[in-house]
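Sequences and hints are given; from them, build the entire structure.
Chains D and Y are the protein sequences, given in the same order.
Going letter by letter, the first sequence gives residues 1 to 164 in the working numbering.
Going letter by letter, the second sequence gives residues 1 to 433 in the working numbering.
Hints listed in this document are in silico derivations from the structure and should not be mistaken for laboratory results.
Treat each hint with caution, since some may be false.
Said to hold, decoys possible - Keeping only pairs whose Cα atoms sit at most 25 Å apart, straight-line, the calculated SDA-like set for lysine to any residue is: (1) D:85 x Y:163; (2) D:158 x Y:189; (3) D:27 x Y:163; (4) D:85 x Y:196; (5) Y:59 x D:141; (6) Y:160 x D:100; (7) Y:160 x D:136; (8) Y:160 x D:141; (9) Y:392 x D:154; (10) Y:160 x D:152; (11) Y:160 x D:144; (12) D:146 x Y:57; (13) Y:160 x D:78; (14) D:43 x Y:380; (15) Y:392 x D:35; (16) D:85 x Y:189; (17) Y:50 x D:75; (18) D:146 x Y:54; (19) D:146 x Y:32; (20) D:158 x Y:30; (21) Y:59 x D:160; (22) Y:50 x D:31.
Stated by the list, open to error - To list a few chain D residues with every Cβ distance to chain Y over 12 Å, as calculated: (23) 13; (24) 116; (25) 127.
No experiment lies behind these values; they were computed from the predicted model shown.
All C-beta atoms in this analysis are idealised placements derived from N, C-alpha and C, irrespective of residue type, glycine included.
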Amino acid sequence: MTALCGKAWVYGDKIDTDLLAPGPYMKAPLTELASHCLEAIDKDFAHQVAKGDVLVAGDAFGIGSSREQAAQVLVELGVSAVVAKSFARIFYRNALNLGLPVLFCPALANVEKGDIVSVDPVSGSVVNQTKAQSFQCEPIPEELMKIVNAGGLMPFLKGRFTPQ
Amino acid sequence: MLPSTPSPQTLSQKIIARASGNEYVSPGEIVTCQLDMVLMHDSSGPRRIKSRLEALGAKVWDPSKVVLVSDHFVPATDPESAEILALTRQWAQDQHIGHFYDMQGICHVMLPQQGHLKPGMFLVGGDSHSPTGGAFGTFMVGIGATEMTGVLATGEIWIKVPETIRIDWDGVLPDGCSAKDIMLFLCAKLGMNNNYKVMEFGGSTIRAMSMYERMVMCNMSAELGGKTGIIEADTTTTQWITDTGASVDNSLLNWTSDTNCHYEARYRFDASVLVPQVAAPHSPENTHPVDTFAHIPVHQAYIGACTGAKLSDLHMAARVLKGRTVSKGTRLLIAPASVKTTNAATKDGTLEILTDAGAIILPTGCGACAGMGAGAIANGENCISSTSRNFKGRMGSPDSSVYLGSPYTVAASAVMGKIADPRPLLTPGTQEI
Ligand code: SF4
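Okay, here's the thing in structure tokens:
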């Protein structure tokens, strides 16, 4: 996989699933749900985020419900990776299963909104190009990278079944 | 019979070892487990997995092992939710799903109520409160919809063997305190970032608890951020299973952690000194003794959810509401956790006490807990709720405030019109929760 690169959107600890995919819009189509992503704490995010942008956050990113839409809206909005101090485990699995690289990076510091950040999930290297600083994160385990590289669990499993 | 083990294991290790065909598994190891059962609901279930399964060209590996519950969008409030429910029904029929419960109750309550859980089982659920099943000595974790598709197609899942944290509570819980107070207290004490750990609860307080209360303990392991919660089986567990009509044999009591097994951490707490706890917005972690919030006016009091509207929860509310009325300017909404709960509460007179006090009974289902059904709250309003989460905007407007408390505390707050300590309002009698 080539390095993922984009503007950073920086948030704090415990960005929960209800902030990412708010309950009142859960019945709505994904594009509409995505347009409300994080609106309770940042009204601009869903409208200004661009393809390739990277989310940077603190502890327990994705804590809360099992709703997969919390990761799916980020894919829908073009987010290329999430780098956080730690992740809630269901969110972590959901994200990889949807092909969204998510990296544990307790060392990451000093990133500000708008900094250009690149991420290499295989080596675990995260570079803040704006500030010329690099950080070493936990690489995504090789077994799980197979799922991410396939584009998610569905394409990954495809080979196991004969399509009808 | 449990396999003989080369070294001591926790209950979770034993279950994962059995499900993965190993004698022994160690924390950190990644193994593939066969599922004994799978739980899904209308929100994360068929509407999200049907087309994916079709695209894969796969069928449900074993429909008899699937429990499907429509509880999130019930009863339908608009054409979209009606469509979701119709799709769920049709899929259940087409796939010959063994156990489909349509608007009969909340999934985490239906699973044990219908006798599906037995100690030693390995399960996944398409919902983050799946740890609730651990109250029955099972290992049960929550997963998302894409992963669920994989599970339905293959009957297996990879899992990293977790470390276990043992949390013991000893002593008698004071009257007016409940499992909910214990869990809120733990959210403040241990924080919400106990990721990837199993919370194993024990001690004399837990042993004395009913299955309903043990379910609250494991349910809110999700709020501790844990992978799951688990409680070793005992005769309270097997009695529950027998009462549902399911079969029980003595080997079920063997599903316990070995003495001298390795725990990553151990905590001990004294239940006898606990006081009612309340979590302030917008996180269960913001918990303090109820007195801290005693001045806060309450617009809505809500008794609902898998966490806080089982029969025992309604009994707690009734002990406060008996002979009292809900304060003017406050509304008390109660959504019983299952149809069977409503039925039992009708027969034993509980419902009459609640409605005499002015409570409004809402349909059974997730309802206001997830901001999907009736009972949403407006901008600037305060709600005290017996549910498990108070994330910003979860129950309605992002500018509303949700406080969490036990059913005792929610009922007392409804009577006083502000957040209140339930202890002075309890009708005499023994705590039977
Ligand atoms: S009642 Fe609330 S916590 Fe329980 S399953 Fe439903 S939405 Fe989740």
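Here's how the hints hold up against the structure:
Annotation: proposed proximity of residue 85 of chain D to residue 163 of chain Y holds, straight-line Cα distance about 20 Å (limit 25 Å). This hinted pair does not check out: residue 158 of chain D and residue 189 of chain Y have alpha carbons roughly 45 Å apart, beyond 25 Å. Between residue 27 of chain D and residue 163 of chain Y the CA atoms are separated by roughly 37 Å; this puts the pair beyond 25 Å, and the hint is violated. Proposed proximity of residue 85 of chain D and residue 196 of chain Y is supported: the alpha carbons are some 14 Å apart, at most 25 Å.
For a cut-off of 25 Å, the pair hint linking residue 59 of chain Y to residue 141 of chain D is broken: about 29 Å separates their Cα positions. A hinted pair counts as satisfied when its Cα atoms are at most 25 Å apart, and residue 160 of chain Y with residue 100 of chain D qualifies at roughly 20 Å. The straight-line distance between the Cα atoms of residue 160 of chain Y and residue 136 of chain D is roughly 23 Å, inside the 25 Å bound, and the hint therefore holds. Restraint check: the Cα-Cα separation between residue 160 of chain Y and residue 141 of chain D comes to about 12 Å, which is no more than 25 Å; the hinted pair holds.
Only pairs whose Cα atoms come within 25 Å are accepted, and residue 392 of chain Y paired with residue 154 of chain D is rejected, the gap being roughly 32 Å. As the CA atoms of residue 160 of chain Y and residue 152 of chain D are separated by approximately 19 Å, the hinted pair is consistent with the 25 Å bound. Distance restraint check for residue 160 of chain Y and residue 144 of chain D: the Cα-Cα separation of roughly 12 Å lies within the 25 Å cut-off, and the hinted pair is therefore satisfied. Using a Cα cut-off of 25 Å, the hinted pair residue 146 of chain D and residue 57 of chain Y holds, with the two alpha carbons roughly 21 Å apart.
For the given pair, residue 160 of chain Y sits about 29 Å from residue 78 of chain D by alpha-carbon distance, which is inconsistent with the 25 Å threshold. As the CA atoms of residue 43 of chain D and residue 380 of chain Y are separated by approximately 19 Å, the hinted pair is consistent with the 25 Å bound. The straight-line distance between the Cα atoms of residue 392 of chain Y and residue 35 of chain D is roughly 17 Å, inside the 25 Å bound, and the hint therefore holds. With a C-alpha separation of about 21 Å, the suggested pairing of residue 85 of chain D with residue 189 of chain Y holds against the 25 Å cut-off.
Pair hint residue 50 of chain Y plus residue 75 of chain D holds up; C-alpha atoms about 21 Å apart against a cutoff of 25 Å. About 22 Å separates the Cα atoms of residue 146 of chain D and residue 54 of chain Y, which keeps this hinted pair within 25 Å; it holds. As the CA atoms of residue 146 of chain D and residue 32 of chain Y are separated by approximately 16 Å, the hinted pair is consistent with the 25 Å bound. The suggested pairing of residue 158 of chain D with residue 30 of chain Y holds, with an alpha-carbon distance near 22 Å, which does not exceed 25 Å.
Annotation: proposed proximity of residue 59 of chain Y to residue 160 of chain D holds, straight-line Cα distance about 12 Å (limit 25 Å). Note on residue 50 of chain Y and residue 31 of chain D: the hinted pairing holds, with a Cα-Cα distance of about 20 Å set against a maximum of 25 Å. Not every CB of chain Y lies more than 12 Å from the CB of residue 13 of chain D, the least distance being 8 Å, so the non-interface label is violated. Every C-beta of chain Y lies more than 12 Å from that of residue 116 of chain D, the closest at about 29 Å, which supports listing it as non-interface.
With a closest Cβ-Cβ approach of about 26 Å to chain Y, residue 127 of chain D is found to remain outside the 12 Å limit, as its non-interface label requires.
Violated hints, in rising order: 2, 3, 5, 9, 13, 23; the structure is consistent with all others.
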